[in-house]
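Colleague: With these hints in hand, go ahead and build the complete structure from the sequences.
Residue numbers for the sequence shown follow the UniProt record's numbering, beginning at 1 and rising by one.
Please note that the accuracy of each hint is not assured.
What the hints assert, rightly or not - Pairwise CB distance ranges (calculated):
#1 E28 x G88: 23 to 29 Å
#2 E42 x R107: 14 to 20 Å
#3 P48 x P73: 25 to 31 Å
#4 R97 x K32: 18 to 24 Å
#5 R107 x P48: 19 to 25 Å
#6 E28 x W109: 28 to 34 Å
#7 E44 x G120: 30 to 36 Å
#8 P48 x W109: 27 to 33 Å
Read the hints as simulated data drawn from the structure, not as lab findings. Glycine included, each C-beta is placed from N, C-alpha and C at the ideal position.
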Amino acid sequence: MAGLEGIEQPRGHGRATAARWSPTVEDEHAQKALELFGNPTEAEVPLPSRPESAAAARRLTQVVVLRQWGLTPKMTEDAVLLVSELVGNAVRHTGARVFGLRMRRRRGWIRVEVRDPSRGLPCLMPVQEMDISGRGLFLVDKLSDRWGVDLLPRGKTTWFEMRVADR
Numbered sequence: 001m002a003g004l005e006g007i008e009q010p011r012g013h014g015r016a017t018a019a020r021w022s023p024t025v026e027d028e029h030a031q032k033a034l035e036l037f038g039n040p041t042e043a044e045v046p047l048p049s050r051p052e053s054a055a056a057a058r059r060l061t062q063v064v065v066l067r068q069w070g071l072t073p074k075m076t077e078d079a080v081l082l083v084s085e086l087v088g089n090a091v092r093h094t095g096a097r098v099f100g101l102r103m104r105r106r107r108g109w110i111r112v113e114v115r116d117p118s119r120g121l122p123c124l125m126p127v128q129e130m131d132i133s134g135r136g137l138f139l140v141d142k143l144s145d146r147w148g149v150d151l152l153p154r155g156k157t158t159w160f161e162m163r164v165a166d167r
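Modeller: Have a look at this one:
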């Protein structure tokens, strides 16, 4: 599920156009996000708690999962979607000014963590086919192999893990 980031708004028009999107441009945006925010495999990357940070988190995930870790496009697509959902929850529900993004890989697994200063726990809600919101943790639950929340002295880390084939 691609967002509207990177899609140019024509001057004087209210409609978006995808005329400038290409895999090369998207790779350039991903590399810029890596340069701007840092590598979430090396240390937790702080991101401002704003809706546009979801795009940065997706791009960082794309760079790490697809390019650095060399995982499949399907695995990358799922990881990018799930990161977007966790970041969206952190932005919408925590009242934080900043949240942290961290990615780890160990034998047979990848783990993505979003840390925020709220101790409010996310809640997996039942969803109906026509629901237009509340699907974030439902998707995390369905597409990841496991997920959870670690309470911290000041805040929490919400994470998901996915099994991967080692080379």
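Colleague: Decide, hint by hint, whether the structure agrees.
Modeller: Going through the hints against the structure:
1. Distance hint for E28 and G88: a CB-CB separation of about 24 Å, consistent with the stated range 23 to 29 Å.
2. Distance hint for E42 and R107: a CB-CB separation of about 19 Å, consistent with the stated range 14 to 20 Å.
3. Distance hint for P48 and P73: a CB-CB separation of about 29 Å, consistent with the stated range 25 to 31 Å.
4. The beta-carbon spacing between R97 and K32, approximately 23 Å, falls within the hinted interval of 18 to 24 Å.
5. Checked against the given bound of 19 to 25 Å, the beta carbons of R107 and P48, roughly 34 Å apart, lie outside it.
6. For the pair E28 and W109, the supplied restraint of 28 to 34 Å holds, since their beta-carbon distance comes to about 30 Å.
7. Hint check: E44 to G120, Cβ distance near 20 Å, so the stated range 30 to 36 Å is violated.
8. Checked against the hint of 27 to 33 Å, the C-beta distance between P48 and W109 comes to roughly 29 Å, which is consistent with it.
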